[in-house]
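Colleague: Protein chains in written order, with our numbering: chain A, 2 to 425; chain B, 2 to 425; chain C, 2 to 425.
These are computed hints drawn from the structure, not numbers from a lab.
Where is the CB? At the ideal position from N, CA and C, for every residue including glycine.
Hints may contain errors.
Only pairs whose alpha carbons sit at most 25 angstroms apart, straight line, appear in this in silico DSS-like list of lysine-lysine [to be verified]: (1) 124/B / 377/A; (2) 103/A / 103/C; (3) 377/B / 103/C; (4) 377/B / 377/A; (5) 377/B / 124/C.
Cβ pair distances, simulated, as ranges [to be verified]: (6) 310/B / 279/A: 28 to 36 angstroms; (7) 36/A / 424/C: 55 to 63 angstroms; (8) 259/B / 249/A: 46 to 54 angstroms; (9) 36/A / 257/C: 45 to 53 angstroms; (10) 271/A / 424/C: 38 to 46 angstroms; (11) 259/B / 271/A: 21 to 29 angstroms.
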Amino acid sequence: MTSVGEEMHALVERMYPLCRSITGDGVRATLDIVGEHVPLTRHEVPTGTQVLDWTVPQEWNIRDAYVADATGARVVDFAASSLHVLGYSVPVSARMPLAELKQHLHTLPEHPTWVPYRTSYYKPEWGFCLAQETLDALPDGEYEVVVDSTLADGHLSYAEHVVPGRVPDEVLVSCHVCHPSLANDNLAGIAVATFLARELAEREPYYTYRFVYAPGTIGAITWLARNRERVGRVKHGLVLACAGDPGNVTYKRSRRGDAEIDRVLRHVLTASQRPHKIREFTPYGYDERQYCSPGFDLAVGSLTRTPYAGYPEYHTSADDLDFVSPAAMADTLAVCREAFAVLDRNRRYLNLSPYGEPQLGRRGLYDALGGRSDTKETQMAMLWVLNLSDGEHDLIDVAERSGLPFATVADAADALAAAGLLKA
Amino acid sequence: MTSVGEEMHALVERMYPLCRSITGDGVRATLDIVGEHVPLTRHEVPTGTQVLDWTVPQEWNIRDAYVADATGARVVDFAASSLHVLGYSVPVSARMPLAELKQHLHTLPEHPTWVPYRTSYYKPEWGFCLAQETLDALPDGEYEVVVDSTLADGHLSYAEHVVPGRVPDEVLVSCHVCHPSLANDNLAGIAVATFLARELAEREPYYTYRFVYAPGTIGAITWLARNRERVGRVKHGLVLACAGDPGNVTYKRSRRGDAEIDRVLRHVLTASQRPHKIREFTPYGYDERQYCSPGFDLAVGSLTRTPYAGYPEYHTSADDLDFVSPAAMADTLAVCREAFAVLDRNRRYLNLSPYGEPQLGRRGLYDALGGRSDTKETQMAMLWVLNLSDGEHDLIDVAERSGLPFATVADAADALAAAGLLKA
Amino acid sequence: MTSVGEEMHALVERMYPLCRSITGDGVRATLDIVGEHVPLTRHEVPTGTQVLDWTVPQEWNIRDAYVADATGARVVDFAASSLHVLGYSVPVSARMPLAELKQHLHTLPEHPTWVPYRTSYYKPEWGFCLAQETLDALPDGEYEVVVDSTLADGHLSYAEHVVPGRVPDEVLVSCHVCHPSLANDNLAGIAVATFLARELAEREPYYTYRFVYAPGTIGAITWLARNRERVGRVKHGLVLACAGDPGNVTYKRSRRGDAEIDRVLRHVLTASQRPHKIREFTPYGYDERQYCSPGFDLAVGSLTRTPYAGYPEYHTSADDLDFVSPAAMADTLAVCREAFAVLDRNRRYLNLSPYGEPQLGRRGLYDALGGRSDTKETQMAMLWVLNLSDGEHDLIDVAERSGLPFATVADAADALAAAGLLKA
């Protein structure tokens with residue numbers, strides 16, 4: 002019997018070796034794997050397409066890349082890790098002395114055994130990333146340098162999965178699929194999103210949940226450009242990233258700061274008594290940068306464990322399969338589950354009998370024996386819902402003002418609505 | 002020479018033995034006693050009258066009730082305390098073994114010497130309340146059970162007393178009169194309300210003060226139903242309850258939270274440096290539940306000492322004449338006196354000379370000798386009133402922003418108005 | 002090489018001996034000295050002119066004043082300090098016993114060696130101010146009393162200096178010039194204002210800066226009365242006083258409390274990590290009382306070191322040349338310089354490419370190498386400015402939300418505006 006955390010970790014393991022970038026076959030292969038778990042609608046957007054202020058770039062694919070020493074031995078080898086090549090490296094095949102080669106080598110001197118992750122999407126460049134200790138061991142002399150890559154007109158690939166709800170209003174869950182062999186950033190996010198989608202489908206949710214798997218920045222911009230007319234349907238959203246590291250969960254508010262999704266996450270994280278952090282919006286990080294640009298200003302927050310760039314392993318080879326755990330991913334999934342359970346039931350109700358308290362007793366909703374001081378939570382919840390159902394307060398307000406569990410409050414609202422005392 | 006605290010306690014003592022309920026002669030006898038202190042307008046509302054979502058119930062009266070043992074000795078006797086009978090008990094005359102009787106007995110196991118207060122207004126039931134230790138001492142065997150009560154069409158009784166003011170805008174002071182022999186809940190509240198009414202009449206208040214003595218819940222609902230058209234005149238209000246226990250005074254805000262009455266009480270309690278608590282509104286407690294239902298949403302707060310259900314003696318025989326003190330009732334009365342003194346003088350003024358400071362000196366309102374740093378409070382109060390009299394701030398704002406006593410600020414406003422520099 | 006602090010102190014020294022009051026030649030002589038540093042527009046407003054609720058009083062001038070003992074020796078002498086005579090003393094020439102004279106003598110018993118500053122502008126009176134120990138040493142007997150002053154129709158004098166800006170919107174800097182030999186109150190303020198004006202002229206500021214040198218209260222009221230139609234041009238302002246004492250700098254907010262000038266000063270004082278205090282508005286102090294009267298309600302705050310009446314030397318002979326230091330005045334000047342540098346660049350911009358992030362890279366505004374976590378401050382500043390440039394936030398908001406230095410943020414805005422991505 003495999004736990005969901007272990008299943009998600011297994012999915013991360015399968016995707017880990019692939020060389021992803023903002024375009025190319027690595028992204029397609031990743032989407033193929035995700036597609037085995039949830040049905041995906043795939044999109045291929047041609048090079049040169051105008052997307053908002055940007056243009057879809059040429060497609061990048063790579064077959065091999067290495068640096069070989071005088072003996073022909075590969076001292077840096079793409080086959081060992083997709084991180085070894087600078088993302089979007091132009092092709093090269095040359096021999097050069099170490100001094101010249103060094104201008105194309107990227108290391109992390111402060112972590113001499115780690116390989117950094119570097120890219121050059123928009124400036125034609127080639128390069129290799131390697132451990133500082135590998136570099137230090139290279140003798141002077143001539144090296145052979147090969148990047149067998151292609152930069153050519155092609156497509157940008159992304160995919161969507163929709164869990165239909167009872168209303169067309171949408172909740173967007175977005176995760177970036179452009180990073181190569183980095184487990185936490187963002188294979189863990191992809192895995193959590195995928196298992197979340199499967200769970201939601203079983204629940205027949207109120208909202209329609211749209212999952213977007215797209216490359217960072219240019220992918221989100223492409224999605225926004227192609228959905229500009231219907232983006233108003235997105236009422237709430239989460240960018241999922243860094244979902245598996247050992248840190249506590251962190252919620253970064255949407256640009257609006259007090260959107261319903263922000264209130265939901267604050268409520269759920271507080272009520273669950275998980276250690277957590279809530280951060281104000283900043284225009285840096287993942288694709289909330291695009292969704293929360295001032296023209297769109299969507300109610301999209303960001304859920305991570307340790308946030309963007311907040312851990313030393315970030316964008317290095319140390320963000321590997323050991324860095325993410327089944328337990329951490331299962332906890333991130335649980336936060337999503339709890340948050341969307343609240344979001345799905347949260348409403349502003351209107352008390353249809355607002356003058357004085359309605360007589361709950363004759364409707365079988367209130368204890369007959371009076372005088373006791375141990376009024377039940379369910380009765381308190383009904384009084385709170387009735388009192389605050391003036392069109393100004395939603396059930397999260399009721400839960401927070403009353404100190405009662407959200408589910409108790411929502412159950413009370415259901416009972417009152419069934420008795421004809423409330424309408425949504 | 003009797004203090005007002007002692008006078009109020011004497012009034013509590015007279016009302017204490019009566020068996021009050023939400024209807025019946027006990028309420029009428031209580032209103033008779035109150036009517037000896039302040040003139041009352043009495044209302045009798047027939048059984049079956051629709052009042053908002055409720056219906057006025059049958060009237061309940063009781064002459065005798067007891068449980069007698071095999072020797073004929075009364076082991077539980079209504080004559081000893083009105084608490085011994087379940088409120089609204091239907092009549093019964095029967096003999097039964099202890100085991101069967103026990104289903105109708107109510108005790109407080111955690112306080113074995115106290116008798117609880119219990120009711121069953123809306124479900125026909127009979128029962129007795131007794132001390133746990135009394136119950137424990139009852140031998141098995143057969144008992145005679147008698148409740149000589151009447152449930153019949155009749156009336157719900159309540160009363161009003163009005164202290165006329167200079168304006169028709171009203172301040173509502175409401176207290177419940179439905180509890181039997183419980184001193185703090187709410188004979189102390191009735192006593193404070195009554196002596197407050199007498200004091201206010203001597204003061205020729207600005208507002209019209211309306212005192213409502215009515216049974217809890219159904220009484221307030223009846224008053225609201227019968228005053229639905231004129232309830233808009235109620236600009237401020239207080240529900241008075243638990244006015245005599247040893248705890249510190251507690252103010253529970255109106256549902257609005259920042260109504261003028263809320264600001265008045267916060268100001269007075271803070272400025273007086275009394276130990277006190279201010280609580281947010283909750284839809285539970287006394288008749289603020291009805292006045293603050295969302296359809297009415299009146300600016301009615303609740304003043305108590307220890308709040309509703311906040312003390313072990315609550316709704317038990319331990320809420321007796323010793324539990325309430327003259328000093329505590331006198332202090333509650335003083336809070337009301339201070340609060341209504343502020344409320345009555347609080348205004349938003351308009352500075353009629355708002356461009357620069359008016360020259361107070363030539364109007365005799367400012368010291369002639371300049372250069373000193375010990376400017377008098379009265380002068381500072383005038384500068385503050387002038388500066389904040391823009392139609393946005395009232396005198397409470399001025400007192401709080403300036404740190405000056407409210408009375409000094411109000412006197413300054415009077416002086417400025419007399420000089421033609423302000424208008425209300 | 003003289004520091005600006007020393008230059009300001011030298012200016013204070015020159016003005017110190019003059020006998021200033023709300024009218025008269027002492028004010029004119031003071032404005033003559035200021036006029037040597039910055040060109041002034043002088044105004045002379047005739048006695049009897051109606052100014053708002055006030056009337057320009059008669060002009061007061063004084064040539065000599067003394068108390069002489071039986072031997073003819075001057076025991077109190079105006080020639081020694083302008084403080085010795087009650088401001089606006091009517092002329093007197095008389096002989097009287099000490100007991101009668103004492104009714105006209107003002108001392109500070111708690112500081113027996115200090116001479117107080119006292120005035121009687123609006124009630125005809127004569128008097129002398131002296132040290133308590135001087136008074137204590139006076140033997141009984143007869144004294145000669147002379148005040149050789151004139152109270153006659155004349156003028157109230159004030160002056161303005163304008164530093165033209167790129168826009169006609171004005172920043173008002175106001176300082177009172179009516180106090181006699183008191184160094185901190187307000188010669189230091191006059192000196193800081195004057196050197197600030199000289200600096201601003203070199204900077205070609207955005208706003209037009211208007212410096213007003215006028216007697217306290219009646220002078221500000223006169224200026225407001227004569228500029229009533231154009232006072233709307235004053236968008237921001239500072240009253241400068243007590244600019245040279247040893248205390249920390251204090252900013253007193255405008256009556257509005259959150260005007261742009263209030264936000265600028267809070268930002269600058271916080272960001273500079275100076276020890277400082279920020280106080281809420283009070284309708285007492287210096288001429289902010291008039292500028293912030295509710296009819297005008299100008300966005301004028303007050304900058305001092307120790308505020309009004311907040312030090313024992315206040316309005317006494319101990320507020321002398323030693324009480325104010327070059328360093329303190331230089332620091333006050335620096336606060337003004339920093340504040341106006343922020344104010345001058347603060348804008349609300351509109352992002353002209355608000356849908357997604359604009360591609361900064363192809364405009365040369367963003368690093369080509371991706372993946373690193375050490376994003377530069379300048380790039381972060383651009384992202385913040387773009388994200389918050391929705392017409393609702395100004396650059397101070399951006400600086401405070403981002404934690405970036407204001408100048409970095411303003412430079413980023415300039416770069417983005419130059420790239421056509423923003424408009425003011």
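Colleague: Could you run down the list of hints and mark each one as holding or not?
Modeller: Outcome of the hint check:
no. : hint                              : result
1   : 124/B / 377/A                     : holds (18 angstroms)
2   : 103/A / 103/C                     : violated (93 angstroms)
3   : 377/B / 103/C                     : holds (24 angstroms)
4   : 377/B / 377/A                     : violated (57 angstroms)
5   : 377/B / 124/C                     : holds (18 angstroms)
6   : 310/B / 279/A: 28 to 36 angstroms : holds (35 angstroms)
7   : 36/A / 424/C: 55 to 63 angstroms  : violated (45 angstroms)
8   : 259/B / 249/A: 46 to 54 angstroms : violated (36 angstroms)
9   : 36/A / 257/C: 45 to 53 angstroms  : violated (59 angstroms)
10  : 271/A / 424/C: 38 to 46 angstroms : holds (41 angstroms)
11  : 259/B / 271/A: 21 to 29 angstroms : holds (25 angstroms)
Violated hints, in rising order: 2, 4, 7, 8 and 9; the structure is consistent with all others.
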